[in-house]
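S.K.: Now for the letters of each chain:
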Amino acid sequence: MPVLDEIEAEIPALRRYARALLRDADAADDLVQDCLERAVARRRDWRGEGPLRAWLFRILLNRLRDLQRRAPRPGHLVPVEDLYPEPGQPAAQEDHMALSEVRAAMARLPEDQRRALLLVALEGFSFDEAALALEIPKGTLMSRLARARETLREMTGRAGKTKGILR
Amino acid sequence: MSDEELLAYHAGALDAAARARVEARLAGDPEARARLADWAAQDAALTQAFGDPASEPVPERLSAVIAEARNTAAPSPAWTFGLSRIAAAVALLAVGAAGGWFAHGPAAPQPGTSLAQAATTAYRTYVTEVVHPVEVPASDAAHLTSWVSKRLGHPIHAPDFATLGFRLMGGRVLPGEPGTAAQFMYENDLGQRITLYVTQRAQGEDDTAFRFFDEGRESGFWWVDGPFGYALVGDISRDALRKIATAAYEQLI
Numbered sequence: 001m002p003v004l005d006e007i008e009a010e011i012p013a014l015r016r017y018a019r020a021l022l023r024d025a026d027a028a029d030d031l032v033q034d035c036l037e038r039a040v041a042r043r044r045d046w047r048g049e050g051p052l053r054a055w056l057f058r059i060l061l062n063r064l065r066d067l068q069r070r071a072p073r074p075g076h077l078v079p080v081e082d083l084y085p086e087p088g089q090p091a092a093q094e095d096h097m098a099l100s101e102v103r104a105a106m107a108r109l110p111e112d113q114r115r116a117l118l119l120v121a122l123e124g125f126s127f128d129e130a131a132l133a134l135e136i137p138k139g140t141l142m143s144r145l146a147r148a149r150e151t152l153r154e155m156t157g158r159a160g161k162t163k164g165i166l167r
Numbered sequence: 001m002s003d004e005e006l007l008a009y010h011a012g013a014l015d016a017a018a019r020a021r022v023e024a025r026l027a028g029d030p031e032a033r034a035r036l037a038d039w040a041a042q043d044a045a046l047t048q049a050f051g052d053p054a055s056e057p058v059p060e061r062l063s064a065v066i067a068e069a070r071n072t073a074a075p076s077p078a079w080t081f082g083l084s085r086i087a088a089a090v091a092l093l094a095v096g097a098a099g100g101w102f103a104h105g106p107a108a109p110q111p112g113t114s115l116a117q118a119a120t121t122a123y124r125t126y127v128t129e130v131v132h133p134v135e136v137p138a139s140d141a142a143h144l145t146s147w148v149s150k151r152l153g154h155p156i157h158a159p160d161f162a163t164l165g166f167r168l169m170g171g172r173v174l175p176g177e178p179g180t181a182a183q184f185m186y187e188n189d190l191g192q193r194i195t196l197y198v199t200q201r202a203q204g205e206d207d208t209a210f211r212f213f214d215e216g217r218e219s220g221f222w223w224v225d226g227p228f229g230y231a232l233v234g235d236i237s238r239d240a241l242r243k244i245a246t247a248a249y250e251q252l253i
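One line per chain: the protein sequences are A and B, in this order.
Reading the first sequence from the start, the letters are residues 1 to 167 in full-length UniProt numbering.
Reading the second sequence from the start, the letters are residues 1 to 253 in full-length UniProt numbering.
Bound-form chain A, shown alone (with noise of 0.2 Å):
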């Protein structure tokens, strides 16, 4: 399939993720943009290494460095109570963590957990493919999941939860 329609069959996700890491819709589609027109400009410079979807993820994430870079801005550091409400009452099920739990105890991960996470539980991407977007080693990425995902059951709870039920 020519480059451009590859692309263009992308940005769905590219917005998801954006979205994801950004918690700003308006912020994200920015990001986005921003990411497709540096991908369109250098489509040639692209020569297959990799799917493309993992060369489009770094483009992005690099894009959001140089932006946090040129204007930092608190992003994980703004309170959590303020993004996303509490739930009126706690998660029925305790087998479903509440949205807006789930949506709180990523916004506290580190940012390089997050973008590692979301990666591959949102948007689906192999090891390989993370690592590469990510420019990070298989081995780094495989102990940011790891850690990741034992802080968000730490956050949520389940941690405790679980063992004391198995015990």
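Worth flagging that the hints you see were computed from the coordinates, not collected in a lab.
Predicted model, so just to flag it, every value in this text is computed and none were measured.
Where is the CB? At the ideal position from N, CA and C, for every residue including glycine.
Some hints here could point you the wrong way.
Said to hold, decoys possible - These stretches of chain B come out as covered by chain A in the derived footprint (C-beta under 8 Å, 3 or more residues): (1) 7 to 13; (2) 36 to 49; (3) 126 to 133.
Said to hold, decoys possible - Label-pair distances were calculated between CB atoms; the ranges are: (4) A:P137 - B:H154: 36 to 46 Å; (5) A:G50 - B:E4: 12 to 22 Å; (6) A:A25 - B:A142: 54 to 64 Å; (7) A:E111 - B:G51: 13 to 23 Å.
Fit chain B to the known structure of chain A by using the hints.
M.R.: For chain B alone, kept in the frame of chain A given last:
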């Protein structure tokens, strides 16, 4: 059990043997089983919390970036020059024969539209033919392939669009610049016809992505790849044309 093994197991990234080994150990490891269950819950929760944008319509400003790239990536001057000459020559014929669809003038040819115009002219000339729409019918496919390949100087076969409802009627060879062009014609059950126009490519021309063109009633996609420039033309929806063009591209690699 190591985090890496468990993560790979969770991602479905292990081969059958490794998976079986992990499963055997999981049977006696309730803590690992609990972690796996939580990870699955995390995945579901993340998709639920952040998945929405992927199903929303893509905002205009984002699709516009791609559309602009399709329209503005100019082919090299050599290519445009060669095709402008064909278009001009064909236009002269068309003015005489059909009353001049090109009469508003070749004053400011858009880069790359020449291929589209040449293909559209050929479409208009032959698609309306009742008796001789094609020179070699699809029933003589082997001859069609060898003849067109020989005249265009590279192997080329008519792609198959049967799964998209269009069956090959046949093809013909046309004058081209530099050299020769060919036209394959297809028809669906509704009697709608589309053509795939293939022309020899000028020296030094870069590959291009699909570009959409609209010539009035007819529209289509053109692209340059390998030894040829291609243009798919029809009087059907853009979406249908795109699907067929994609199928052509995939089969012609």
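S.K.: That 54 to 64 Å hint for A25 (chain A) and A142 (chain B) (C-beta), does it hold up?
M.R.: Holds, at about 57 Å.
S.K.: For the stretch 36 to 49 of chain B, do at least 3 residues have a Cβ located nearer than 8 Å to some Cβ of chain A?
M.R.: The restraint on the stretch 36 to 49 of chain B holds, since 12 of its residues have a Cβ under 8 Å from chain A and three suffice.
S.K.: Are E111 (chain A) and G51 (chain B) spaced within 13 to 23 Å by their CB atoms?
M.R.: At roughly 21 Å between Cβ atoms, G51 (chain B) and E111 (chain A) fall inside 13 to 23 Å, so the hint holds.
S.K.: Given a hint of 12 to 22 Å, does the C-beta separation of G50 (chain A) and E4 (chain B) actually sit inside it?
M.R.: 21 Å, holds
S.K.: For the stretch 126 to 133 of chain B, do three or more residues have a beta carbon lying closer than 8 Å to a beta carbon of chain A?
M.R.: n = 0 at 8 Å, threshold three: violated.
S.K.: Can you confirm whether chain A covers the stretch 7 to 13 of chain B, using C-beta to C-beta distances below 8 Å and requiring at least three such residues?
M.R.: Since three or more residues must qualify, the claim that chain A covers the stretch 7 to 13 of chain B holds, with 4 doing so at under 8 Å.
S.K.: Can you let me know if the beta-carbon spacing of P137 (chain A) and H154 (chain B) is within 36 to 46 Å?
M.R.: 44 Å, holds
Hint 3 alone, counting from the list given before, is not met by this structure.
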